[in-house]
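Asks: Chain by chain, the residues run as shown.
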Amino acid sequence: MALEALWAEKYRPKKLDEMVNQKEIIERLKQFAKAKAMPHCLFAGPPGTGKTTAALCLANEIFEGELAGNFLELNASDERGINVVREDIKNFARTISIGKVSFKILVLDEADNMTSDAQQALRRTMERYSETCRFILICNYSSKIIEPIQSRTAIFRFQPLNHEDIIRYLKHICKCENINYNEDGLNAIIEVSEGDMRKAINTLQAAAAIGFVDEKSVYRVVGRAEPKEVLEMIKLAWSGKFIEARNKLRELLINYGLSGMDVLKQLHKEIMKTSSLPITEEDKIKIADVIGEVSYRVIEGVDDEIQLSYLLANIALLGSKSQR
Amino acid sequence: MRLWLQKYRPRTISEIIGNNSAVNQFVDWVSKRLKDNVKKAALLYGPPGVGKSLTVQVYAEEFGFDLIELNASDVRAREQIMRIVGTVASQPTLFGGIKRLIFLDEIDGIEPAEDKGCISAIIDIINKSSCPIVLAANDPWDPKLRPIRDLCTLIRYNKIRSPTIVKFLKEICRKEGIVVEDRALTLIAEKADGDLRSAIIDLQIFTEGRRYLRFEDVIWLPTRNRQYGVFDVLKELFWSKTALQARLAIEKSLIDYETLKLWIHENLPLIYSDFNDLVRAYDMLSKADVFFGRMNKTQNWDLLPYTLEFMTAGVILGVKKKPEFVKYQFPQKLLLISSTKNSRRIRDEILSALSEKCRISRRKALTEMLPYLKTIIEEEPSIGKQIGEWLNLNEDHLKYLGLKASKLKKINI
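If you're matching them up, the sequences are chains H and E in order. Under the working numbering, think of the first position of the first sequence as 1, with each following residue one higher. Under the working numbering, think of the first position of the second sequence as 1, with each following residue one higher.
With the rest of the complex left out, here is chain H:
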C-alpha cells in the first residue's frame, strides 16, 4: 500500500487538462505545449489558484515527462540568499537543454519577494540566456515585479477559484478517500478558504482526521490553524500587561517562527474583527495607523521584536486611556 501523503500534494493535477478553473489560461498554455514553444511568463494571482501547478503541468507536457536537466524550480523567498539563487539560475540557464526541445524551463516561485535590485539582475540574466532558457515567474502581486520584467513576459492573471469548482474537487477527493461529510461541512470549508484550493484541501484533510467532516470539525481545524497567541497578546497589552504581552510576542517570533510581517497581518485581522475586547471603533483606527507605520519599519529595520514592541506599547497606552 502506498504511504498516505498530504492531499494537497497527492491531488495536485499532473496535466493541464486536469486543472480546475482558469480556462483561458489553460487554453493558451496548451497551445505552448503543442507548439513546444513559449515566451517568458509571469503567473500572478492569489495563493492556491494553481500557478505552480500550471507551471509544472506545462513543463511536463513540453518535455513529455523528461524533466531531469531541463527543468528547475526555485523559491525566491527562502533565506538561502538571493545570491545563491542567482548563481543557481545562471548555472542552469547558460547550459543547453537535453532532448528535443531547444530550451529549458526555470520556475521562480514567490518572485515578488525579491528586492528590485535582485530583479534587475534577474532581468539581465533573462535577457542574456533567453535562447536557452524560458522563465516562469510566479507571484501574488504583479505590481511588485519591476516593469522591465513585466514587459518582457506574457502575463497570466489567475483568479480565485469559484466555489462550485472547489466543491466538485473536494467531493472527488472525498470519494477517492472514502470520507464521510455533509454539505454544511464543505460549505464551511469554502467559507474559510476564500478561493484558495490548497487551504481548502488542507482543511478537508485535517477535518477528516478529526472524524466526520461537518461545520463543527471544520471550524475546529480553523481554530487550531490560527495561533491563539496573537489575540492573547493583544488582550494582555490592552489591559496594561506590557511585559507579558511582549513575552507572547517573543513566543510567536522565536518559538513559533512567524515573521514580524505575519504577526502584524494576524494582529490587524484580530483588531478589526475582535468583539472580545472593548476597543472602540475610533481606537481601532488609531491602532491601524500604528500598524501601518510599524509594517513600514519592519521592512526597513533589523529587529522585528523591537518594532512590534512599539506597537504593543501603543496598544497598552490606548487601553489604559479607555479604562480611565
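Treat the hints as calculated values from the structure; they're not laboratory data. Be careful, since some hints might not be right.
What the hints assert, rightly or not - Capping the alpha-carbon separation at 30 Å, the derived lysine-lysine pairs in BS3-like fashion look like this:
{"id": "1", "chain 1": "E", "residue 1": "K241", "chain 2": "E", "residue 2": "K320"}
{"id": "2", "chain 1": "E", "residue 1": "K241", "chain 2": "H", "residue 2": "K265"}
{"id": "3", "chain 1": "H", "residue 1": "K273", "chain 2": "H", "residue 2": "K321"}
{"id": "4", "chain 1": "H", "residue 1": "K171", "chain 2": "E", "residue 2": "K374"}
{"id": "5", "chain 1": "E", "residue 1": "K333", "chain 2": "H", "residue 2": "K241"}
{"id": "6", "chain 1": "E", "residue 1": "K320", "chain 2": "H", "residue 2": "K321"}
{"id": "7", "chain 1": "H", "residue 1": "K235", "chain 2": "E", "residue 2": "K321"}
{"id": "8", "chain 1": "H", "residue 1": "K286", "chain 2": "E", "residue 2": "K333"}
The structure displayed is predicted, hence computed values, not measured ones.
For this one, chain H is given, so just place chain E on it according to the hints.
Replies: Just chain E, lined up with the frame of chain H:
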C-alpha cells in the same frame, strides 16, 4: 557638540600618545611587509582604549593607504570578511598604484561555533593577500585565535601610564579654556586604568557646560568594571540629563551597539511605568533600529551617529516621569534563542521537508501547511505517521508535531 575624541584625534603617527615602541614596530613592519620579507600579517593586541585601531587609521591617512576596515565582532562584517577573500585581498594593488591596507578589528569577537569558516577565511586572506593585513584583539591568547596568531607578527600595546594621560587631559583643558584642579585629572586618569579613550570621554562629560573642574566634581566617578560594564552603562544612560551625556554613556561600553540595543529594549518597560513614556521611548528605539537597517543595507556608516543618538538620547529624554530604580535584566531574547535552539532546528527541518515536497517556501509552509499537519497527527496518529514517513520525518519531528510517545509505541507494535 563635537566629541573631543574626534576633535583631539592625532593626525599623524608622531602625535599618537603612549605606546611609542609598539607604534614604531608597526610602522617598521608595514614598510618591511611592502618589501615582502616579514610575516604577512600583524596582530596588534592589548587592552581597550590604548590606540591600536588609531595607529592603523592614522598611519593609513598619513601615508595615503586605502584602508579597508572591518569589525570582526559584528555579524554583518563577518559575512563581508568571507566575501572579501576572493576579491580585494588577492588583487595586486601595489603595481596598480593604490596602496591598500586591510584592517580586521576585534577578531577575538569571533565565535567559532557560530561563525564557521570565519577563522579559516581570515587565514585565507592572510595567505593570499598582496596587501598588508592588520588584525587587532584584546586577548590574543584565546585558543581559537591560535592558527591566526602563528601567521602574525605580534605587536603589544600596554596600558597608558597615568601621568601621560594627565598630561594629555591637561592639554585639552588648556585648549578648551577650562580651569582644572590637578587632583581631578589624576583621579580621572587613575579610574581610567590606562584607557586613554575613556579618560577623554569622562573629562568631556564632567566639564560639559562649565569652565572649571574641581576634585569634588569628579570624586563620585565610578570605576569601570569591564566585566559587568553593561550595568554601569545602562545606569549612566538611563539617568543622563543631557543628550551628550546619554550619547557618551555608551561610548565607554565594550559591548557592540546591536547588543546594547537589546539591553535597552529589555529594560525599557522596567524603567518606564507610564505608557506615554514607554510609547515615546519605543518610538525612538524603533527608529534607531530602522537606521541600523538602512546602514546594513547601504553600508553607509555615516548614519551611525544619528542612529546612536536615537538609541540613547532619544530614548531617555523628553519623558514625563523619572525612570524607576530597578535591577536591570539580561536580554531575554538572547536566552530564549539559545534555550529553544533545538526545537527551532526541528521546526525548521520540518518546514524544509514540507517546502520540498509541497513546492512552497518555508515561510508559507509555516502558516499554510504546518498547522494542518499538526491537527492530522494529533487526531489520527496512524495516518499522521504515514505522512511523516512520506515527508521523511524522524521521531523527533513527529514528537514536535504532537505525536504522543505512547501512541507511537502502539503503532510500532
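Asks: The structure should be examined with respect to each hint, and the outcome stated for every one.
Replies: Structure-based check of each hint:
Our distance criterion of 30 Å between C-alpha atoms is met by K241/E and K320/E, whose separation comes to about 13 Å. Pair hint K241/E plus K265/H does not hold up; C-alpha atoms about 39 Å apart against a cutoff of 30 Å. Annotation: proposed proximity of K273/H to K321/H holds, straight-line Cα distance about 21 Å (limit 30 Å). A distance of roughly 23 Å separates the Cα atoms of K171/H and K374/E; the hinted pair therefore holds under the 30 Å criterion.
Simply put, K333/E and K241/H have alpha-carbon atoms about 18 Å apart, close enough for the 30 Å limit, and the pair holds. The straight-line distance between the Cα atoms of K320/E and K321/H is roughly 16 Å, inside the 30 Å bound, and the hint therefore holds. For a cut-off of 30 Å, the pair hint linking K235/H to K321/E stands: about 26 Å separates their Cα positions. For the hint linking K286/H to K333/E, the alpha-carbon distance of about 28 Å falls within 30 Å, and the restraint holds.
Hint compliance for this structure: hint 2 is the single one not met.
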